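Novice: Note that the protein sequences, when read in sequence, are chains A and B. Each residue of the first sequence is one higher than the one before, counting from -7 in our numbering. Each residue of the second sequence is one higher than the one before, counting from -7 in our numbering.
Any given hint could turn out to be false.
When chains are identical, the list treats them as one kind, so a pair holds in a single copy or across two.
[Claimed, not checked] In silico lysine to any residue, SDA-like type, Cα no more than 25 Å apart, as pairs: (1) K35 - A83; (2) K35 - W21; (3) K35 - E24; (4) K35 - A23; (5) K35 - A20; (6) K35 - C84; (7) K35 - N64; (8) K35 - I1; (9) K35 - Q58; (10) K35 - E8; (11) K35 - T4; (12) K35 - E3; (13) K35 - C82; (14) K35 - E(-3); (15) K35 - C77; (16) K35 - D(-6); (17) K35 - T59; (18) K35 - P81; (19) K35 - Q12.
Honestly, the hints are just simulated from the structure, not real lab data. Only a predicted model underlies this, so the values are computations on that prediction, with no experimental measurement involved.
If you want the building blocks of each chain, they are given just below.
2 protein chains.
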Amino acid sequence: MDLSELQRITETTYGERDRQRGVSSAVAWLAEEIGELARAVRKGDHSDRLEEFADVLAWTASLANQTGVDLNEAITRYAAGCPRCGASPCACALD
Amino acid sequence: MDLSELQRITETTYGERDRQRGVSSAVAWLAEEIGELARAVRKGDHSDRLEEFADVLAWTASLANQTGVDLNEAITRYAAGCPRCGASPCACALD
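Given these sequences and hints, build the entire structure.
Specialist: Written as structure tokens, this is what we have:
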């Protein structure tokens, strides 16, 4: 799925209700989903991980929709390699 | 950009070094980036938001790569509407 399609389906399914909740609620929900993803990675199974990655993507897209961000425009930052060193593979010092 | 391409470029640029850091480090970095995104949404400008959304997508993809998750498979959860009520727009009670 293209990032623009991810934003489109999220808008169609949740746009109106997510705008009712507001941007701060979207940030809070995204943080909650990151916590659930962390748990699924640590002790969940593959099915749990699929579900939590999907939820993180959906809330990221909803937050982008509410803040006027085009995720395809955003990701151009990584399209030509590491944004810091410009190389791919990245050649930055390992921090 | 398709989610498979997002995973591919993240693997090419960061796969080896992210595996050196390990899954727990990827979770920690993703959490850090969510914090930076929250700040950019609250008080940053459009350019800050583009950067932080990109970083969240890149770390989400890196964590998916390290845990064997195909983000396109994951997002099928939302492809046909809300996974809870099945409708689009979602018709769940507002929580």
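Novice: Now look at each hint and say whether the structure bears it out.
Specialist: Hint-by-hint comparison with the structure:
Proximity of K35 and A83 under a CA criterion of 25 Å is satisfied in neither setting, with 32 Å inside one chain copy and 32 Å between copies. Taking the shortest Cα distances, K35 and W21 sit within 25 Å of each other both inside one copy (21 Å) and across copies (19 Å). For a Cα distance limit of 25 Å, the shortest separation of K35 from E24 qualifies both inside one copy, at 17 Å, and across copies, at 21 Å. In this assembly of identical chains, the alpha carbons of K35 and A23 lie at most 25 Å apart whether taken from the same copy (19 Å) or from different copies (18 Å).
Taking identical chains as interchangeable, the C-alpha atoms of K35 and A20 lie at most 25 Å apart whether they share a chain (23 Å) or sit on different chains (16 Å). Within a single copy, K35 and C84 get their C-alpha atoms no closer than 32 Å, and across copies no closer than 29 Å, so neither meets the 25 Å cut-off. Taking CA atoms no more than 25 Å apart as the test, K35 paired with N64 passes between copies only; the shortest distance there is 22 Å, against 32 Å inside one copy. Taking the shortest alpha-carbon separations for K35 and I1, neither the intra-copy value of 30 Å nor the inter-copy value of 27 Å comes in at or below 25 Å.
For the identical chains of this complex, K35 and Q58 are inter-copy neighbours only, at 15 Å across copies versus 32 Å inside a copy, given an alpha-carbon limit of 25 Å. In the homo-oligomer, the alpha carbons of K35 and E8 lie at most 25 Å apart only across protomers (24 Å), although the nearest pairing inside one protomer, at 34 Å, exceeds that limit. When the C-alpha separation of K35 and T4 is checked against a cutoff of 25 Å, the pair qualifies neither within a copy, at 33 Å, nor between copies, at 27 Å. When the C-alpha separation of K35 and E3 is checked against a cutoff of 25 Å, the pair qualifies only between copies, where the shortest distance is 23 Å, while the shortest distance within a copy is 32 Å.
In this assembly of identical chains, the alpha carbons of K35 and C82 never lie at most 25 Å apart, being 30 Å within a copy and 30 Å across copies at closest. Proximity of K35 and E(-3) under a CA criterion of 25 Å is satisfied in neither setting, with 31 Å inside one chain copy and 28 Å between copies. For the identical chains of this complex, K35 and C77 are neighbours neither inside a copy (35 Å) nor across copies (27 Å), given an alpha-carbon limit of 25 Å. When the C-alpha separation of K35 and D(-6) is checked against a cutoff of 25 Å, the pair qualifies neither within a copy, at 29 Å, nor between copies, at 28 Å.
Proximity of K35 and T59 under a CA criterion of 25 Å is satisfied inter-copy only: 12 Å between copies versus 33 Å inside one chain copy. Proximity of K35 to P81 under the C-alpha cut-off of 25 Å is found in neither arrangement, the shortest distances being 30 Å within a copy and 33 Å between copies. With identical chains, the CA atoms of K35 and Q12 are at most 25 Å apart between copies only, with a shortest distance of 20 Å across copies and 34 Å within one.
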